[in-house]
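Residue numbers (my numbering), protein chains in the order written: chain A, 1 to 462; chain B, 1 to 339; chain C, 1 to 296; chain D, 1 to 155.
Each hint should be verified, as a subset may be incorrect.
Stated by the list, open to error - For lysine to any residue, the following SDA-like pairs were computed, each having C-alpha atoms within a straight-line distance of at most 20 Å: (1) B:Lys2 with B:Lys326; (2) A:Lys370 with B:Gly177; (3) A:Lys158 with C:Ser43; (4) C:Lys188 with B:Thr255; (5) C:Lys188 with B:Thr198; (6) D:Lys55 with C:His97; (7) B:Lys326 with C:Met80; (8) C:Lys188 with B:Asp267; (9) A:Lys445 with B:Asp271; (10) B:Lys178 with A:Leu157; (11) C:Lys2 with A:Leu157; (12) A:Lys158 with B:Arg248; (13) B:Lys178 with A:Val438; (14) C:Lys2 with D:Ile2; (15) B:Lys2 with C:Arg187; (16) D:Lys55 with C:Met80; (17) B:Lys178 with A:Gln440; (18) C:Lys2 with A:Arg102; (19) D:Lys55 with C:Gly81; (20) B:Lys178 with A:Gly436; (21) C:Lys188 with B:Leu263; (22) B:Lys178 with A:Ala432; (23) D:Lys55 with C:Glu78; (24) C:Lys188 with D:Ile2; (25) B:Lys2 with C:Glu281.
Keep in mind that the hints were calculated from the coordinates and are not lab data.
Spelled out from the first residue to the last, the chains are:
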Amino acid sequence: MNTRERHGASVFGNVLEADADMRLPALVPPPAFPIETLVPDVLKQTPAVGQRVPRSDTRLHALGQTRYIEDLTFPHMLHARIKRAGIAAARIKRIDTREAERMPGVVAVLTGGEIPVNSFGPSLQDQPVLAHERVFHRGDGVAAVAAISEQIAADALKRIQVEYEPLPAVFDPLDALAPDAPLVHPPHGNVYASRTLRKGDVERGFAAAYRIFEARYRTQMVEHVSIEPHAAIAEWDANGRLTIWSTLGRITLGRADLSRTLNLPLNRIRVIGSVVGGNFGGKNEITQEPVLALLSKKTGRPVKGVFTRTEEFTATTVRHPFIMDYKTGVSREGRILAREVRLTLDGGAYCSWTETTLGKACILSAGPYKIDNVHVEARAVYTNKTVSGAMRGFGAPQVCFAYESQMDDMARALRMDPLEIRLLNAFDEGSASPTGQVLQSVVVKETLRAAAERFGWNERST
Amino acid sequence: MKRRGRGIACMWYPIGFTVAANASAATVKVNEDGTATVLTGTVETGQGALTVLGQIAAEELGIATDDVHIVSGDTDATPMDTGAIASRTTYVTGNAVRLAAANAKAVLFEVAGKKLGVSPTELEARDRKIQVKGYPQRSVAIGEVAYEAQVVAGRPAIGSASWNPPTVPLDPETSQGKPFSTYVYATQIAEVDVDDETGEVEVLRVIAAHDCGTPVNPMLVEGQVEGGIAMGVGFALQEEIVFDGAGRQLNASLTNYIVPTSLDMPDIEVDIVESYDPTGPFGAKGVGEPTSVPTAAAILNAIYDAVGVRLTTLPATAERVLMAIKQNGSRIASGTSVL
Amino acid sequence: MKPFECITARDAGHAIELLVRYGADARLLAGGTDLLVDIRNGSREPRVLVDLSRAPDLKRLELADDLLVIGAMVTHTEIMGSRLVRELCPALAVAAHSIGAIQTRNLGTIGGNLANAVPSMDLGPALLALDAQLTIAGPMGLRREPLTTVFTAPRTTTLSATELILDVTIPAEGFHKPMAFLKFGLRKGQALALVNVAAGFWPHGSEPVFRATRIALGAVAPTVIRSAEAERFLDQRVIDPESMTAAGEIAAGEATPISDFRASADYRRELIAVLTSRALESAWRRARAEPARKSA
Amino acid sequence: MIDVALVVNGAERSVSVASETTLLELLRDHLQLTGAKRGCDAGDCGACTVLVDGKPVNACLMLAVQARGRSVVSVEGLATQTALHPLQQAFHERGALQCGFCGPGMILSAKALLDENPQPSTAEIREALAGHLCRCTGYAKMIEAVRHAAEASKP
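With these hints in hand, go ahead and build the complete structure from the sequences.
Put into structure tokens, the structure is as follows:
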């Protein structure tokens with residue numbers, strides 16, 4: 001049958017039989033069944049945009065047929081685990097892996113010294129793949145083991161002796177700002193990133209204000225808690241080409257980081273992203289991938305690593321804790337005349353995504369409000385704690401908690417309805433943002449009215 | 001005694017990276033039976049990228065969503081993408097996919113134009129057909145055109161494109177500039193019951209009005225809002241990593257790090273607010289991160305409305321709420337001094 | 001997990017033989033919801049597990065000569081669902097229902113819960129308030145011990161390495177006794193108790209007074225405790241809200257809660273006071289709703 | 001090693017495993033049924049939930065040997081040759097799944113609920129799913145999908 005006949009216009013209509021016939025049987029029978037191609041539904045689904053179309057991947061999710069990284073296994077595959085420092089700040093004097101290497105079932109051990117370029121990071125490249133001379137937080141990896149089973153790899157970690165020379169550590173960002181505070185990354189100071197935003201003249205605004213409100217707000221360290229832990233498999237083949245299956249949400253960046261840390265040209269690296277079991281910003285950067293790659297190179301076998309739930313908390317990124325000082329001047333009618341914000345971010349042990357978080361928090365901190373006079377000073381501070389990285393919102397949930405809490409305080413003090421004071425100040429189409437950008441497609445007021453109306457806000461006045 | 005309160009919070013949030021280039025590239029191949037395959041470097045992390053990008057390509061090519069298959073997340077085979085981050089997939093990757101589909105469609109229009117005797121600019125693609133604008137009777141099945149383009153004209157309908165949101169770098173001193181190409185807006189209202197003897201806060205209801213530009217798939221937008229609110233409830237009332245004096249995490253497990261279960265969730269009503277952004281694919285922007293931004297503020301304002309205490313530190317655990325009630329119950333804000 | 005042997009005991013006697021033979025290397029495996037977590041985090045490293053899941057004599061759930069007998073291997077789901085328990089001591093059914101989530105209740109057992117002896121165990125307060133006793137089997141035969149003396153410190157009991165809990169017995173005096181169980185956790189689903197309390201009493205006389213008051217508290221001392229002072233304070237006192245509130249304050253004073261990352265000791269005391277008086281009120285509402293019951 | 005004979009998704013299976021093997025490892029590593037997922041290894045997340053004699057349990061907290069002679073149902077056992085289980089269909093069609101990692105466990109707990117209580121209230125559905133953590137969906141569409149599946153199978 002030549003392809004013309006199969007795809008000719010005349011037969012087009014009935015060639016694409018009903019989707020149900022073409023789909024794989026719901027219950028995959030035991031192997032050795034003819035796999036029929038899945039051809040689309042004849043049903044009309046146009047126009048496509050705006051339709052509540054069922055997702056293309058959730059039929060396999062519901063059947064349990066979606067393959068996540070941990071569901072993949074390859075012949076001769078080894079299992080890797082990483083030994084965590086367990087000390088917040090120290091110099092590594094000696095690592096002795098001989099006893100671990102002799103354990104039956106252990107095939108290879110890796111330490112920081114074996115990593116070609118032992119540093120990476122989206123802006124400041126201050127993060128080691130495995131700590132080599134220094135440890136900067138308890139979750140730092142110091143050595144890794146590849147073994148024939150995960151349990152043997154875990155047992156081998158206990159056989160690795162590491163001699164530390166403890167160093168003074170600092171945990172609170174405000175303490176880290178003190179002149180005599182221990183330096184997390186000497187010789188650099190503990191403030192490693194900052195932003196300034198200036199628009200108009202806040203002092204003039206405050207002078208003209210009917211009332212001024214000041215408050216400090218603090219938000220805590222939270223974790224992404226994707227239900228799928230980080231997982232990856234690395235295979236270094238005989239051509240010197242590396243294939244990585246990983247729960248990475250950003251494979252182009254991941255390949256670049258692998259190229260840097262392993263000193264490999266980009267075409268020698270293939271990063272295959274799986275269906276990821278939840279990211280929320282927690283799986284945006286490499287974690288164990290270079291380690292698995294080098295263990296695979298040492299053993300000539302694929303090496304799989306799956307983080308424990310404890311490692312998800314201690315050895316992956318978290319949301320930046322914020323300390324936020326807000327000073328806002330309002331007119332008698334409740335119009336915001338000036339807003340001054342100081343943000344201090346607890347960056348944890350490495351920079352990671354701080355620059356992005358700092359930038360967004362600084363720009364967004366004044367809120368979706370028409371304010372002529374804005375001044376924002378934002379800085380990020382190293383501490384010997386878990387690494388603050390990307391998490392859903394990049395600083396916006398933190399600053400929104402501050403500016404919307406203060407908005408309600410101002411409304412109460414001026415005896416205004418919290419809805420009214422927001423409608424009074426909110427952006428309109430064409431308003432200028434704190435960075436002077438003329439905003440388009442602006443619907444703040446529409447969202448305020450829609451929510452209030454659906455909630456029945458005005459049925460009960462405060 | 002349980003005291004009820006309500007709180008409102010609105011927010012704005014940018015779509016895409018801050019100033020730095022964050023391009024997405026895509027390739028669309030129209031197969032010789034009129035179905036299509038899209039290659040994208042982004043990764044499906046649960047947010048629905050595969051479905052949304054499929055709908056955008058289908059819309060541009062005038063075919064059904066199920067006619068499109070997305071190949072994603074393989075640096076060997078798929079073009080680069082900055083990644084599933086910053087709520088950018090629908091807006092930036094979506095634009096790249098739309099432009100790539102348009103480039104593929106241009107090939108089809110040239111072939112179809114000859115068959116239908118009109119200039120390619122007179123054609124449109126709808127319902128798996130390529131037809132003359134204003135005179136749909138004159139049309140040809142997209143499969144036939146694709147087949148002819150590839151097998152007869154020897155020009156397979158393959159289009160590639162990339163897109164980067166237009167921004168203006170920020171002045172280092174003042175941050176003045178255009179850091180993002182577009183923003184989305186939202187308001188959430190929370191209704192809570194506060195037990196004034198134990199401090200326990202129960203979030204009863206959250207109304208969420210969100211702008212995402214054109215909702216490419218309203219069902220998935222609702223899913224993002226409901227998931228974001230769950231994260232917001234945890235952020236507001238339950239979640240915190242606690243350290244000891246030696247920098248050790250004390251609650252590094254899902255037994256002791258408290259995230260909301262189905263019994264902790266409020267009823268949620270989602271309202272997708274009418275909005276269109278011409279810079280986005282078919283007017284679409286994004287919604288992934290904004291959904292959890294205003295929740296904590298709305299809940300804390302509702303606590304204030306219920307029991308008259310302003311908590312300025314998250315999470316507002318039952319202990320902190322009770323201690324605040326016991327301390328004053330009347331002063332507006334523990335930290336706020338009025339000049 | 002680290003390798004270990006697993007031997008399935010035919011019955012309680014066989015299990016005891018295995019405990020004697022393997023000594024300190026052996027541990028009993030009931031539901032496993034606590035033990036397997038301990039093995040995985042290394043806090044317990046047994047060489048042999050004695051699986052009790054097939055021992056029929058540990059699954060009793062019946063009335064036997066004026067005692068409600070609950071076998072050690074009865075699961076929380078079975079306790080929750082038992083018509084007998086719901087009718088005779090509903091507070092115990094409520095306590096079982098408050099444990100973890102459906103999955104943990106389907107596996108977890110009353111014997112495992114008691115043997116693990118964490119001070120925040122949800123069955124503890126209800127069983128203490130019901131004057132429950134444990135039937136303990138060992139190489140030297142059976143012995144019975146009131147629950148109040150079994151727990152000595154967090155995760156420690158008076159059971160020797162070669163003894164096991166055969167069953168829990170609840171005396172008739174506790175049947176139909178107006179009683180309530182309340183638990184306060186950091187969330188509504190799958191929560192560990194910050195404080196849990198069981199409170200019950202018999203109303204006596206025309207202008208009713210408290211009789212045979214029981215107040216038992218969990219998670220606020222090294223073990224589950226009875227609040228003796230509060231009980232003494234209420235006995236013979238006229239039943240009214242003020243006395244209940246006062247009893248709550250006394251109970252809060254008696255307890256020795258700790259401060260940890262979950263909550264401060266002061267806050268736990270606040271909770272004890274509030275939950276105790278609320279439990280007493282709830283028990284009193286239950287008593288008024290079923291006046292026909294015999295009073296002790 | 002211990003011989004474990006049990007019924008999995010209606011089929012008699014017998015496997016010889018090390019005695020410390022959990023039911024989760026038996027299903028995933030020995031029977032290649034990877035629908036049950038490992039999210040925390042401590043009975044907190046519920047992603048490893050399977051049905052044993054019709055009851056949801058955390059397969060990571062149950063030894064394979066304890067499942068001897070029992071009937072285990074994993075998510076792979078719900079659909080028929082021709083159709084998804086009504087819950088699978090409802091979860092798929094109504095956007096109740098996003099990343100899908102917690103999906104199999106949720107659907108099995110929902111099935112156990114409907115087997116016992118064909119027309120559950122919203123509160124009962126929430127209770128049935130409370131042993132599962134989901135970070136993507138906020139549970140809303142899952143609860144709605146369970147209610148829809150219950151409606152659809154009303155006699």
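Hints that the structure is at odds with (numbers, increasing): 7, 10, 24
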